[in-house]
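> The hints should help you fit chain B with the ligands onto chain A, whose structure is shown.
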Amino acid sequence: MADPILELVDVKTHFAVHQGFLFRRHAGTVKAVDGVSLRVERGEVLGLVGESGCGKSTLARTILQLLPTTAGKVLLAGTSLSDCTARELIAKRRDLQMVFQDPYASLNPRMSVFATLAEPLLTHGVCEPRDVTKVVAELMERVGLASRFMQKYPHEFSGGQRQRIAIARALALHPKVIVADEPVSALDVSIQAQILNLLAQLVKDMGLSLIFIAHDLSVVKHISDRVAVMYLGKIVELGTASDVIDRPQHPYTRALVSAIPTPNPDVERSRQRIVLPGDPPSPINPPSGCTFHPRCPYAVAACRSEVPMLKPYENREVSCLRTGELP
Amino acid sequence: MPLLSVKDLRTYFHTRNGIYRAVDGVSFSIERGETLGIVGESGSGKSVTCYSIMGLVPQPPGRIESGTAHFDGVDLLHCTPRESRSLRGKRIAMIFQDPMTSLNPYMRISEQLIEPLLIHGSISRRAALDQALSMLDAVGINDAAKRIHYYPHEFSGGMRQRVMIAMALITQPELLIADEPTTALDVTVQAQILELIKRLQKEFNMAVIFITHDLGVVSGLCDRVQVMYGGRIIETASTRSLFYEPRHPYTKALQQSIPSLQQKGTQLFTIPGMPPDLSKPLPGCPFAPRCSSAIQACREKPIELAPCGNGHEQSCSRVQAGEI
Ligand SMILES: Nc1ncnc2c1ncn2[C@@H]1O[C@H](COP(=O)(O)OP(=O)(O)OP(=O)(O)O)[C@@H](O)[C@H]1O
Ligand SMILES: Nc1ncnc2c1ncn2[C@@H]1O[C@H](COP(=O)(O)OP(=O)(O)OP(=O)(O)O)[C@@H](O)[C@H]1O
Ligand code: SF4
Ligand SMILES: [Mg+2]
Ligand SMILES: [Mg+2]
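In order, the protein sequences belong to chains A and B. Its first residue numbered 1, the first sequence is counted upward by one per residue in our numbering. Its first residue numbered 1, the second sequence is counted upward by one per residue in our numbering.
Read the hints as simulated data drawn from the structure, not as lab findings. You may find that some hints are simply not true.
[To be verified] Computed beta-carbon distance windows for the label pairs:
| no. | chain 1 | residue 1 | chain 2 | residue 2 | range |
| --- | --- | --- | --- | --- | --- |
| 1 | B | T266 | A | G43 | 16 to 22 Å |
| 2 | B | S86 | A | S37 | 54 to 60 Å |
| 3 | A | G324 | B | F204 | 44 to 50 Å |
All figures in this text were calculated on a predicted structure; none of them were measured in a lab. Positions of the beta carbon are idealized from the N, C-alpha and C atoms, including for glycine.
Okay, chain A solo, but in the shape it has when bound:
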């Protein structure tokens, strides 16, 4: 098998937390990402889901090298990004782009669409200065924006159109991988559908790989080839979208899937949900053993002391001590 386009090997991203204002002392470590290994193939869409605060955005920013890895490696087409020099990294970054949830915040309000898209083209010398207008127009059309809007500013566009501009900017440098962190969460369903179609089309036409982070599991299922479920900094289940979402195995994935609201009042009101007791634990002081054990309906004594590992089970990988024993 060829090299995957992106490979994460036991990646950890920890934050030191300090307390006190004048005399800052080390108060603990937030293990936001704590040992994640993943492969993303060329042309693949990997969905990433999990509890608020489980480390999805931190993982995204670590892949992009916007945060330093505490341990482990991020390999892009076989080259370790953490071993790159600053100069090599600049070149590599072209291959990795990110799209954020909030296009309002990620676009510069004082820059027209033309300026927003021309900037990366010119700084990276992707095209001759005299061709810039033509290339910008092509980019805009690629994402379904009329090129006559080139001189408009972000506030003159709707939310969905702004997200298209952000996607066009991510595409400007012909990246190999796009990491999209909740790109459709703020959009209404009809605009959401347009953006999902656009992303799916780009993946197909350009052979891009996409890491797609979202809370809406029906959206994730629709667009992803495979899905990774995170809990407290670790992957707890990984498999094809239909295996993981239609036939979840890990107790956390089961709870997550059971909580997806259905747009059908009679079904929604009669449905059984697995309600998880308690709050997500603090990543500063994670529970022992399986970090999910205090909230897990299936936990047994061993779960409190033994740390489960991701192991293959029924076409996917699951990290639960009781895999195979559950109803």
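Just chain B with the ligands now, with coordinates in the frame of chain A:
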């Protein structure tokens, strides 16, 4: 008599590039204990409608051009500052999508929770703190006695949202307006928060206006739904009637766009065209430029909600005429 009755609300924004008719003739009402969902296109005026009721529209550029909003007999749009203070933030409360915008990062949660009690009531600090504590308990914050003295950043996203809800509910409001309160949360935390709102609603017989993009959430939570497009309400019905018998072409198209109802791997259904430019006059149906059933008359004739049985109302004149 309904608890809140809004009539012909118009809120415009006067900007250098023109007048944006963000809310353009909206009328609705809500009863005590009822849950009303508001759904619709981004930019269709859902938030501005609620900001207008809460007196939160930035003026300028915003201006309330016309309308009334009677809450238990008092017109919120034309009341004295004193009447306003006795209603907004006390008998009517609002929660927002991003808890960080309404929590003060430099103040302990305890101080923020008791502030509305100290402003609105004659109550001692001690008693206020007791109430705050039991409210935190009620919204399911474990270890409330210790955590009440935390700063907002010491809570996770889901916990902060619960603190926000505690803050909104501490005065036992009769009306709660929730503007996408669970959009940023994962589905398990979302489910907890929705359960919480339902439970507290029963306990206090509180009315709830719930704005969301998630039609799944609406179907589980709301008694009635109203659909907005281009600054107007284009359809309103009981939740069952709206989901099982949508009448307006926009509502139908919206329902067709839901990904979970479509087959994986296929192109998702989308509505062609773009949302209307609210700075241009829209004499007819705001959806006409994108509607597959539109005829010339749709672009010209002013629209009006008309009943179509069982409390279901919709504004498409072709549906009203029985043509589609
Ligand atoms: N700069 C930082 N310093 C300290 N802690 C941080 C920092 N950034 C993130 N964290 C913590 O790391 C954990 C993971 O945060 P992250 O934003 O990656 O979660 P997420 O999965 O993206 O959540 P959400 O779904 O709410 O966006 C959280 O507990 C968060 O509080
Ligand atoms: N301060 C402002 N100045 C100018 N225009 C504004 C302002 N606030 C809102 N608008 C406009 O009013 C219209 C209605 O906005 P509103 O926020 O109510 O939409 P919404 O239905 O809540 O959308 P979303 O689902 O995206 O939250 C939008 O077209 C918006 O651009
Ligand atoms: S290892 Fe134990 S606690 Fe963890 S998910 Fe499996 S059953 Fe639950
Ligand atoms: Mg995040
Ligand atoms: Mg809004």
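> All the hints need checking, so say for each whether the structure fits it.
Hints versus structure:
no. : hint                        : in the structure
1   : B/T266 x A/G43: 16 to 22 Å  : holds (18 Å)
2   : B/S86 x A/S37: 54 to 60 Å   : holds (59 Å)
3   : A/G324 x B/F204: 44 to 50 Å : holds (47 Å)
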